[in-house]
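K.L.:
Here are the chains, one letter per residue:
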Amino acid sequence: MSDSGAQLFDMWRKQLEEGAAAWGKVFSQPAAPPPPADPMAFWRPLVEQWVQASARAFAQTPMTPDVMSQWKQFLDQSIDAWSRALSQVMNTEAFAQMLGRYLDQWLVTTAPMKKAAEQGIDQALQTLNLASRTQLTAVARQIVELEERVERIEEAVNAVLRAVQRGPDPASAPRGPDTAPKERA
Amino acid sequence: MGQERFADIVERFAAGYQNGAAAVDPDAARRWQEEIDRQIRRAQNLSEMMLNPTEPKVGCTPREEIYRTNKSRLYRYQSRREHATPVLFVPNLGISRPYIFDLLPGGSFVEHMTGKGFDFYLLDWGVFGPEDNGLTFEECVVKILPKMARKVLETSGADSLSVLGYCMGAPLSISFVASHPEVPVRNYIDMAGPIDFSQVGMFGLWLDRKHFNVDRFVDTLGAVPADLVKAGFKLLKPTMDLSTNLNLWWNSWNDKYVEGFNALNKWANEYVAFPGEFFRQWVRDFYQGNKLFRGELVFGGRPVRLSSVTCPLFVVGAKEDYIAPPACVRALMDAVSSRDKEYVELPGGHISLIAGRGAALHCWPKVSGWLAPRSS
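Top line first, the protein sequences correspond to chains A and B. Take 216 as the starting number for the first sequence in the numbering used here and just add one per residue. Take 397 as the starting number for the second sequence in the numbering used here and just add one per residue.
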């Protein structure tokens, strides 16, 4: 019993010593300096691409008296380079994820504000005894439905009129004894 | 050395110029003179644009309203009618107005087609309001398009029609053609219309269900407001405005360019909202589910299978199209069962494929040329 107690005590002491040694090691080591912040890290590839495109533009452009054309060509190529660089950035999962997150946050903020504004406007219009947007929308929907119903009736009437104008189809006319033409009458 | 008088310098320069000793390159002088003239014209035209803006006259080709249902209109354009088969043109719903196809006299797709003798019908989906938020893609396919096709056949007296879909009008109209085999469609043309949405580019990535919750979007906003549609398209090409304005400044000495710019600029800034439910179905079934290409769509109880399309097919893609990249347009070629089919990839982007000088040169003649022998 005393042996097992001493064993347990030794184990506890060993763990304590090892833990203390580990913590001491951590605190005695100088903390690794944080990597220097590089605000240009994101833009560097774009700027490099732009510089390369500009250098190419100047190298390709023949020197003519028409400085304006050269300047325009340079601007065109610069814009083109920026456009391609931005497309590369925007055509990434990271950008799509950021855009989606931004849109979500915007919707989360917008939804209650929109609802509150709509309720406020509805109440104000009701107080003034005026029709609200919701009511006008409902009326517009009813008109559309009515229009469709009239159109269906119009089509049905037209179909009947066409059938009447064509006259009875001899092939489909019933040929019973009562309706048979009385040739000898 | 004594100080030189300015008069001496002028005299020496003039004498030298006359003798040809220090002659200024006449070509360079002429070009500088041209440049100065252009600068003056630029200043005049730009100040005119800012101080006295005039509303450009667009959509000048004579037309007649054949039919209307809710916001949608069917217009018929006058022509000599050299071809028996009429053409029903189905453009995109929402986003923009369809007068881009009849922008200016001499620069109009409609004018080109009527000039070539086609009985041309344009479907204008209209500008939607909050009362239309319940309109779905399915309704357009099973309710509106069949009526439009019937009206085309009734008014033209023809026994068949050709259908031409542009941009979103292509998935709309091909869904209609594939699900309504009883409608006598003689030819089908897809112009820059996305079919395989797994290859649809940046919009496909941004609208992926991992990043974009379409249900939350529609449930919150009810519809997609025009301003948001505009923001989405501007984001797709952020440098577009910059290059447009630079090109305006550069070409503003040219009165014809300024006239064209005014018309195009009016169109480019007139965005149209999407009905909420339409947008929900468009994003969920097409961008996120790619159900049209996979043959998983069922509209009005009718399966929409591209393989059931057997009519002659012409597919036009644009090389620099970032809204409907050529690969996703071309996919229609392999999805249908048509024997007579042709694909062309033309220079230009999504808009310049259908409007502008490049379109008049490359695209319109190809479309009318392919359609003419198949429309007798």
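Hints are computed from structural coordinates only; laboratory data are not their basis. Using N, Cα and C, we set each Cβ at its ideal position, and we do this for glycine too. Be aware that a few hints might be false.
Claimed, not checked - Derived contacts from chain B toward chain A, CB cut-off under 8 Å, selection only:
| no. | residue |
| --- | --- |
| 1 | V579 |
| 2 | R582 |
| 3 | S594 |
| 4 | M598 |
| 5 | F613 |
| 6 | D637 |
K.L.:
It remains to establish, for every hint, whether it holds in the given structure.
P.N.:
Structure-based check of each hint:
About 16 Å separates the beta-carbon of B/V579 from the nearest beta-carbon of chain A, more than 8 Å, and the hint is not met. Proximity of B/R582 to chain A is violated relative to the hint, the smallest CB-CB distance being about 24 Å (cut-off 8 Å). Interface hint at B/S594: violated, since its Cβ lies 15 Å from the closest Cβ of chain A, which is beyond the 8 Å cut-off. The interface hint given for B/M598 is met, as the beta carbon of that residue sits about 5 Å from the closest beta carbon of chain A, less than 8 Å.
Taking 8 Å as the C-beta cut-off, the interface hint given for B/F613 holds, the closest approach to chain A being about 6 Å. Among the interface hints, the one on B/D637 is violated; its C-beta lies about 10 Å from the nearest C-beta in chain A, farther than the 8 Å criterion.
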